[in-house]
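Enquirer: Sequence:
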Amino acid sequence: MFNRDNLFGSRGQQPSPQPPSSRGPVPQQPPRDYRSPQQPASYSQEPKGYGGGSMRGAPPPSGGRSMQLRPAKSPDNSFTFGNICAVSAQDIPPSHDGQDVYLLINGHFVLSARPLPQFPRGHISLSDAQRTWMQVALTDVVEVQPYDPFSQGAQSYLGSMDVEVGFAGKKSTEAPYDQDELGRAFANNFRHQIFAPGQQLLMDFKSIPLRMTVRTVELVDISSLKSASDAAQHTSPQARGILTPETALNYFKDARTPINLKGSNRRPAANSVVRPDFKFEDMGIGGLDKEFSDIFRRAFASRIFPPGLAEKIGIQHVRGILLYGPPGTGKTLIARQIGKMLNAREPKVINGPEVLNKFVGQSEENIRKLFADAEQEQREKGDESGLHIIIFDELDAVCKQRGSGAGGGTGVGDSVVNQLLTKLDGVDQLNNILLIGMTNRKDMIDEALLRSGRLEVHMEISLPDEAGRAQIIKIHTNKMLENNIMGGDVNVQELARLTRNFSGAEINGLVKSASSFAMQRHIKVGTVAAIDDSIKDMKVEMQDFLRALDEVKPLFGVSEEDLQRAVEGGIIPFSPHIEKILAIGGDFIKQVKSNTTPLLSVLVHGPRGAGKTALAARIAINSEFPFIKLVRPVDMIGMNEMQKIQYLQKVFTDAYKSPLNILVLDDIDLIIDWVPIGPRFSSSVLAAIKGLMKNKPPSGRPLLIIGTTSEKTVLQQLQLDFKAQIAVPNVNTQRELANIMEHSGEFSEADIRSAIGAIEETTGGKEIGVGVQRVLLGIQTAMQDRDRATRFAEVMSDAIAEG
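At position 646 of the sequence shown the residue is numbered 646 (the numbering used here), and the sequence of numbers has no breaks.
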């Protein structure tokens, strides 16, 4: 392919002759034709080079000397539409037989070059498509060196190639293009050229310029006659091969242009909605592999097949997807990134509130405009129509239940819902649309919109698990890692464990908070504007993430502050009953965790001040469940009955969003507004709690409900039933009281004996019968007196007398 005796001298000057022994083998080009009228091409034939020698032992692509050339415009259209570049014959001598040569440009891109005597020295002609592919401007300088395609091994030929085709300019036609005819023209125009993924080129086909983009290539080993199963598909730009007449070409339409591809008996039209070079990792979505796989199966699988096949099966494409779940879990991100995997038009994105308009009929008109393009193309092209995607964020803003008064009482909300229903599945059905709706409140959306044929695929995007959180952390810290800003002590798996119940958005906030702590170390002392010179050595370390965890809290999950406040001071094992209660609670945790009992309610009852709330909170904390919520009467101060019911319903709904959930309903008798005078209680709130406690959680989302009360008999009369009960006793014996005093560390053994003796003498008995909270309060009161034992005995004697 190249004559190394005079290759790449300085500005055309030939280098000094070298001894033949020092020269490497001359790179050779593969044969110009694989098939002759007498003898069909055989893959077992060894390729011959331009000089007739074997290609074996050829030097590597970087083995030749390189030179720098300036880009120039192509001499004529034969170079532009032939995908070859022109060079000066003085810079790059022609091959022995005058055929095109292969050049490696900037170390990554390979093109066929034609040395011309009249072409200016020091230049190389590159068309617009070639320069776009290589990202080279006319003012740049490119590095050029000879390229031997056989240095990468035997797999130098293209077994198949996926090509995206579209119109290159304003000139177009509605006539469909036959793939076989297009393939023959492509093979004739670009035979023996080397192609790689991402490569762009132009082809003049029937006087209409077409833009071709290589998406994937499949390399085969011709010499060893490997089967198709041994071929490997590549999307990397470094994977490249030679086009032969036997290369299978698969065409995909460029959705940005109105080109229409037609199949043949041998090959159906490949107007696939999914880009052939699509890779899931390019989407930047973590922890949603299963959800995305289900979306693809339900919404896009039927669209991969040729148009009309769904009609033969007797099914229609899915026209709507509803993504719902907690805020920040990636619903909008999925919808936004779906456009990257689709070989379709740019999706139309609209926010729900933007639809509403104060002028009469304008809101409905806004809905009609969203579907106008799809309707027109459906009329013109029928089944050959491209896919139109509409992304509808905050769908609940305009699609509330009809008759609920949405739209300010004017009925606009109902009209918008009606208009959307008719467009999705009305008399004139559209089969070329996909509506992706997103909401945090699925319960607010009109039921007619959720039925099959409209938004029929309901996909819950829930909080990520530990593996998903690790993926998300890696995505958000990828730039830090690439730029060597991530500290070596950062443990992603440990962070994934610590960020229990974090959403994707909250993990992003955690990374930003950690970055701010790292930057703070490089601000000069005494100012907030000056940056220290050590900023160039900044590292985001593990300690920054740990500090950020104290600052960024998840919206859903464990209410740690409330739970820790409930067990302030810890659990004092003053009696064997306490250890038994915690063990029973642990058994209930295992029962729910194993999904043996997906819904379990436990009532922790006992006298006031016996430590019921602390024990319930300790059982919940020991479970390490992702979602733990403590519901207290104080949280509902100022709420009327309806507001309380809505609050309780939201709490239970939130509990269904995590794989393992615990709800602690503290002082449940106060939550239902029970008072002994009358007696009085809220029947509406009671009915709501009964219904919510009996409602089974979704599959795979077990729920443990722990209620606490000092009025067990009242709950029995109100028929508020729990499946299990745990009784919490008072401090009943002198030994138990002594254990608490000893645990506090405020009394000596003599003080303990003195205080208990004084209590027995004052009360006339050994029975204590006081709640642990009252005992702890007595200890805190006695600490303020010099004679702690005497003061404690007085306080406890009064408590025992009050009974």
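Derived from the structure by calculation, the hints contain no laboratory data.
A virtual CB, placed ideally from N, CA and C, is assigned to each residue, including glycine.
Certain hints may be false.
As the list claims (entries may be wrong) - Listed below are the simulated DSBU-like cross-link pairs for lysine-lysine, each with C-alpha atoms no more than 30 Å apart in a straight line: (1) K690 to K712; (2) K442 to K580; (3) K723 to K290; (4) K723 to K580; (5) K712 to K442; (6) K206 to K348; (7) K536 to K474; (8) K474 to K400; (9) K442 to K696; (10) K650 to K580; (11) K766 to K696.
Said to hold, decoys possible - Have a look at the derived ranges for each label pair, beta carbon to beta carbon: (12) G569 to N440: 36 to 42 Å; (13) Q316 to M639: 29 to 35 Å; (14) Y647 to D587: 29 to 35 Å; (15) E354 to K553: 30 to 36 Å; (16) L599 to N357: 54 to 60 Å; (17) Q717 to M642: 56 to 62 Å; (18) A372 to G700: 48 to 54 Å; (19) Q717 to S302: 55 to 61 Å; (20) D798 to Q564: 27 to 33 Å; (21) M642 to E447: 18 to 24 Å.
Enquirer: Look at each hint and say if it fits the structure.
Expert: Status of each hint after checking the structure:
no.: 1; hint: K690 to K712; in the structure: holds (16 Å)
no.: 2; hint: K442 to K580; in the structure: violated (43 Å)
no.: 3; hint: K723 to K290; in the structure: violated (35 Å)
no.: 4; hint: K723 to K580; in the structure: holds (19 Å)
no.: 5; hint: K712 to K442; in the structure: violated (37 Å)
no.: 6; hint: K206 to K348; in the structure: violated (34 Å)
no.: 7; hint: K536 to K474; in the structure: holds (23 Å)
no.: 8; hint: K474 to K400; in the structure: violated (38 Å)
no.: 9; hint: K442 to K696; in the structure: holds (18 Å)
no.: 10; hint: K650 to K580; in the structure: violated (33 Å)
no.: 11; hint: K766 to K696; in the structure: violated (48 Å)
no.: 12; hint: G569 to N440: 36 to 42 Å; in the structure: holds (38 Å)
no.: 13; hint: Q316 to M639: 29 to 35 Å; in the structure: violated (47 Å)
no.: 14; hint: Y647 to D587: 29 to 35 Å; in the structure: holds (31 Å)
no.: 15; hint: E354 to K553: 30 to 36 Å; in the structure: holds (32 Å)
no.: 16; hint: L599 to N357: 54 to 60 Å; in the structure: violated (46 Å)
no.: 17; hint: Q717 to M642: 56 to 62 Å; in the structure: violated (25 Å)
no.: 18; hint: A372 to G700: 48 to 54 Å; in the structure: violated (42 Å)
no.: 19; hint: Q717 to S302: 55 to 61 Å; in the structure: holds (58 Å)
no.: 20; hint: D798 to Q564: 27 to 33 Å; in the structure: holds (31 Å)
no.: 21; hint: M642 to E447: 18 to 24 Å; in the structure: holds (22 Å)
In terms of the numbered hints stated before, the structure departs from hints 2, 3, 5, 6, 8, 10, 11, 13, 16, 17, 18, listed from lowest to highest.
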